[in-house]
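A.B. asks: One letter stands for each residue in the lines below.
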Amino acid sequence: MSRAPDELKEACRRFVDETFNKRNLDYAESSLNVNFVEDSPPAGFPRDKSGAIARLKRFLEASDDLRAETLDVVSDGRHIGVRVRYTGTDTGGLFPGVPATGRSFDIEGIHIVAVNQDGSLLEHYGIVDMRDAMEQLDLVPSAGQP
Amino acid sequence: MDAVERNIAVVRRLEDAFNDRRYSDLDQLVANVFEGHNPGSSEVSVEGLVSNNESWHAAMPDKRTEVVSTFGDGDRVVARIQDRGTNTGGLPWFGIPANGRKMDMGWVQITRHGQDGRIIEMWALADVPGLLSQLGAVARPR
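First to last, the sequence lines map onto chains A and B.
To convert, note that position 57 of the first sequence is 57 in this note's numbering; the numbers rise steadily by one, no gaps.
To convert, note that position 14 of the second sequence is 1014 in this note's numbering; the numbers rise steadily by one, no gaps.
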């Protein structure tokens, strides 16, 4: 059984807005299934729901003016694909072990989420362009193109 | 086959064509007017897709791309993809010499398809920090 794709797309837009713009981690926590699994965990974060919430918290703490904008959202009723633009200033240390640079970033992420029958989020695989962020914060030289 | 299934088949056939370097297939899979967006880098044309693939094959002649999962909605297809290979040729655009190390790099892609199924637009993001770490290059900020 699946849910209406339009319903999931709207829920996705709301999740992005609540979590990153309104900094409402309670909303994020209520959206994730108790058996949530992270398929793309950064080093040091558990793959379960607690790890996912900790990672979101860390991202919010890294930038006190973080904004997220949903650029595109796709759903078949069981999955959501979403492209998100994240803009902000590195005020809290975007990269572990690197002091806050005070520089601004403007990066994109693409996320794939599996959705449970009750609408809760079950599984996430996503890539946020942290390489681009490192370049924008002047932490690494710009990479060339293949 | 409905339009979404057909679009998904196009995405899979495109990766097959890149695996086999069978670029004559691209006419059927990519629209004449095409825009590839790799956030953080410049726009990519069809010729750019081919030259990127040739660079990767020069770096990793054993490179294979696997489409791990897909789903579609309207004119969009979302794909989770995995690239695997051995760095026997070097990745000069990252300043990485040939070193025999293995790559197992995930990426995600959203494509927009025309009514004939061919790809009009593509957005893709790869786990570049993960790749650099696997190949022994600088993955962490300096």
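Simulated from the structure, these hints should not be mistaken for lab results.
Owing to the predicted nature of the structure, the values given are computational and were not obtained by experimental measurement.
Do not rely on the hints blindly, as some may be mistaken.
Said to hold, decoys possible - If you only want the chain A side, here are some residues facing chain B, beta carbon under 7 Å, derived:
(1) His79
(2) Arg83
(3) Thr87
(4) Ile110
(5) Ile112
(6) Asp129
Said to hold, decoys possible - Restraint-style ranges between C-beta atoms, simulated for each label pair:
(7) Glu61/A x Ser1024/B: 27 to 37 Å
(8) Ser50/A x Gly1090/B: 17 to 27 Å
(9) Asp106/A x His1057/B: 44 to 54 Å
(10) Glu69/A x His1057/B: 16 to 26 Å
(11) Ser1055/B x Arg14/A: 14 to 24 Å
(12) Gln1028/B x Gln145/A: 20 to 30 Å
(13) Asp1027/B x Leu25/A: 30 to 40 Å
(14) Gln117/A x Arg1012/B: 40 to 50 Å
(15) Asp1104/B x Gln145/A: 35 to 45 Å
(16) Gln117/A x Gly1136/B: 41 to 51 Å
(17) Asp1027/B x Ala100/A: 27 to 37 Å
(18) Glu61/A x Ala1009/B: 38 to 48 Å
(19) Gln117/A x Gly1074/B: 34 to 44 Å
(20) Gly44/A x Asp1027/B: 43 to 53 Å
Yeah, the Cβ is synthetic: ideal placement off N, Cα and C, and Gly gets one too.
A.B. asks: Could you run down the list of hints and mark each one as holding or not?
C.D. replies: Verification of the hints:
A least Cβ separation of about 5 Å between histidine 79/A and chain B falls short of the 7 Å threshold, and the interface hint therefore holds. The criterion of a C-beta within 7 Å of any C-beta in chain B is met by arginine 83/A, whose closest approach is roughly 6 Å, and the hint holds. Annotation: threonine 87/A was flagged as interfacial toward chain B, and the flag is violated, the nearest CB pair being 12 Å apart, outside 7 Å. At a threshold of 7 Å, the smallest CB-CB gap from isoleucine 110/A to chain B is about 4 Å, leaving the interface hint in force.
Residue-level restraint check for isoleucine 112/A holds (minimum Cβ-Cβ distance to chain B is 6 Å; threshold 7 Å). Given hint, aspartate 129/A at the interface with chain B, holds; its Cβ is 5 Å from that chain's nearest Cβ, closer than 7 Å. For glutamate 61/A paired with serine 1024/B, a C-beta distance near 51 Å fails the hint of 27 to 37 Å. The hinted window of 17 to 27 Å between serine 50/A and glycine 1090/B is violated, with their beta carbons roughly 41 Å apart.
For the pair aspartate 106/A and histidine 1057/B, the supplied restraint of 44 to 54 Å is violated, since their beta-carbon distance comes to about 32 Å. For glutamate 69/A and histidine 1057/B, the hinted distance range of 16 to 26 Å is not satisfied, since their beta carbons lie about 36 Å from each other. The beta-carbon spacing between serine 1055/B and arginine 14/A, approximately 41 Å, falls outside the hinted interval of 14 to 24 Å. For the pair glutamine 1028/B and glutamine 145/A, the supplied restraint of 20 to 30 Å holds, since their beta-carbon distance comes to about 26 Å.
Against the hinted window of 30 to 40 Å, the Cβ-Cβ separation of aspartate 1027/B and leucine 25/A comes to about 49 Å, which falls outside the hint. Take glutamine 117/A and arginine 1012/B: their Cβ atoms lie about 27 Å apart, and the range 40 to 50 Å is violated. At roughly 22 Å, the beta-carbon separation of aspartate 1104/B and glutamine 145/A lies outside the given 35 to 45 Å, and the hint is violated. As the Cβ distance of glutamine 117/A to glycine 1136/B is approximately 44 Å, the hint placing it in 41 to 51 Å holds.
A hinted range of 27 to 37 Å for the beta carbons of aspartate 1027/B and alanine 100/A is inconsistent with their spacing of about 50 Å. The hinted range of 38 to 48 Å is satisfied by glutamate 61/A and alanine 1009/B, whose Cβ atoms lie roughly 44 Å apart. Glutamine 117/A and glycine 1074/B have their C-beta atoms about 22 Å apart, which leaves the hinted 34 to 44 Å range violated. Range check, glycine 44/A to aspartate 1027/B: about 46 Å between beta-carbon atoms, so the 43 to 53 Å window is met.
Violated hints, in rising order: 3, 7, 8, 9, 10, 11, 13, 14, 15, 17 and 19; the structure is consistent with all others.
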